[in-house]
Every structure is written in C-alpha cells, then in structure tokens.
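**Q** With the hints as extra help, turn the sequences into a complete structure.
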Amino acid sequence: MNKNVNLVLLFLIFVVIAIVAGGTVYFQEEFYNLTGNYLVKTTELDNTTLNLNKCKTDYEKSQINLNSTLTLTEKEKSDLRKVYTVTKTELEGDIGYLNSSLEATKEELFSTANQLFDTTKRLNDANADITILESEKRTLKNRVDDLSDDVDNLEDQVSSLQSQLDSCSG
Numbered sequence: 007m008n009k010n011v012n013l014v015l016l017f018l019i020f021v022v023i024a025i026v027a028g029g030t031v032y033f034q035e036e037f038y039n040l041t042g043n044y045l046v047k048t049t050e051l052d053n054t055t056l057n058l059n060k061c062k063t064d065y066e067k068s069q070i071n072l073n074s075t076l077t078l079t080e081k082e083k084s085d086l087r088k089v090y091t092v093t094k095t096e097l098e099g100d101i102g103y104l105n106s107s108l109e110a111t112k113e114e115l116f117s118t119a120n121q122l123f124d125t126t127k128r129l130n131d132a133n134a135d136i137t138i139l140e141s142e143k144r145t146l147k148n149r150v151d152d153l154s155d156d157v158d159n160l161e162d163q164v165s166s167l168q169s170q171l172d173s174c175s176g
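My numbering puts the first residue of the sequence shown at 7, with every later residue one more than the last.
Just so you know, the hints here were simulated from the structure itself, not pulled from any lab data. All residues carry an ideal CB built from backbone N, CA and C; glycine is no exception. There's no promise every hint is true.
To be verified - Label-pair distances were calculated between CB atoms; the ranges are:
#1 S154 with L122: 41 to 47 Å
#2 E96 with S117: 29 to 35 Å
#3 K94 with C61: 45 to 51 Å
#4 S117 with K143: 35 to 41 Å
#5 K62 with V31: 44 to 50 Å
#6 G99 with K62: 51 to 57 Å
#7 A134 with L97: 51 to 57 Å
#8 T126 with T93: 45 to 51 Å
As the list claims (entries may be wrong) - Here are the simulated BS3-like cross-link-like pairs (lysine-lysine), alpha carbons at most 25 Å apart as the crow flies:
#9 K62 with K47
#10 K127 with K143
#11 K67 with K83
#12 K83 with K94
**A** Structural data, given as structure tokens:
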C-alpha cells in the first residue's frame, strides 16, 4: 500500500504539475491576448482622444466664428436700423412737405378754377352784351337809314315845295 500511496501521490503531483503548467500556459496566452487587447484599446483610446481634441478645437473655432458672425449680424442689424430710421425720418419729412405742397396746389387750383369761372361768366356776359349792342346797332342803323330816307324824301318835298313857291312867287 505504501507503494500505491506513493504512486497515487506521485500521480497527484504530476496532475498538479500538469494543471499548474496548463494553467500557466493558458493564463500566459490570456495575458498576452489581454495585453494585446489592452494595447489595441489604448491605441484606439489615444486616437479617440486625438479625434476628440480635434473636434473640440473645431468646435471652439466654430464657436468663435459663430460669435463673430453674430457680432457682425448685430452690427448689420444696427446699421440697417439706422438707415431705416434715417430713411423713415426723411420720408416722413418728404410726406409732410408733399402734403403741404399738395394742399397749396389744391388751393391754387381751386382759386384758378374760381377765376376761370368768373372770367367765363364775364366773357359770356360780355358776349351777351355784344349781341345786344350789335342788335341795337342794327336797329339804330336801320332807323338811321329810315331817317336818312325820310330826310331825302323831306328834302325832295322841300325842293318840290320850294319850286312851287318859286313858281307861285314869281
């Protein structure tokens, strides 16, 4: 039995050595794989960090550009407001001037229309007077002609009567 125990013990020692050797080989492989994975992950992490830093730099540049653009936009808005205010003020002044000019022109037009109406009325009255005077002139001319005929007739009568008087007296 002693020999059996020694053999069993020897067998157990070989088994333990084999297990330790197998475990060592297994864990060494796992360690190398783990180390390789660690190096790959570290490289990936470094690349990711570099990419993140680049993105951060790009973000900061974009933020600066955006702030600059916003500043320019606000300045342009301010300039446009000034132009709008100046233009609005000028246009309001022009509107006031044009309205007063329009009112003056309307008053002048009304005055001219009244003068035209008065002048037309006077012209029509004068034309009516001319027509009346021409009619009176024709009437008077006819009367003058009639009177002239009467004078001629009377002169003829006077002449005839004078002849008769001369023949009677003489």
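**Q** Run every hint past the structure and note whether it holds.
**A** Hints and how they fare:
no., hint, result
1, S154 with L122: 41 to 47 Å, "holds, 46 Å"
2, E96 with S117: 29 to 35 Å, "holds, 31 Å"
3, K94 with C61: 45 to 51 Å, "holds, 47 Å"
4, S117 with K143: 35 to 41 Å, "holds, 37 Å"
5, K62 with V31: 44 to 50 Å, "holds, 45 Å"
6, G99 with K62: 51 to 57 Å, "holds, 55 Å"
7, A134 with L97: 51 to 57 Å, "holds, 53 Å"
8, T126 with T93: 45 to 51 Å, "holds, 47 Å"
9, K62 with K47, "holds, 21 Å"
10, K127 with K143, "holds, 24 Å"
11, K67 with K83, "holds, 24 Å"
12, K83 with K94, "holds, 16 Å"
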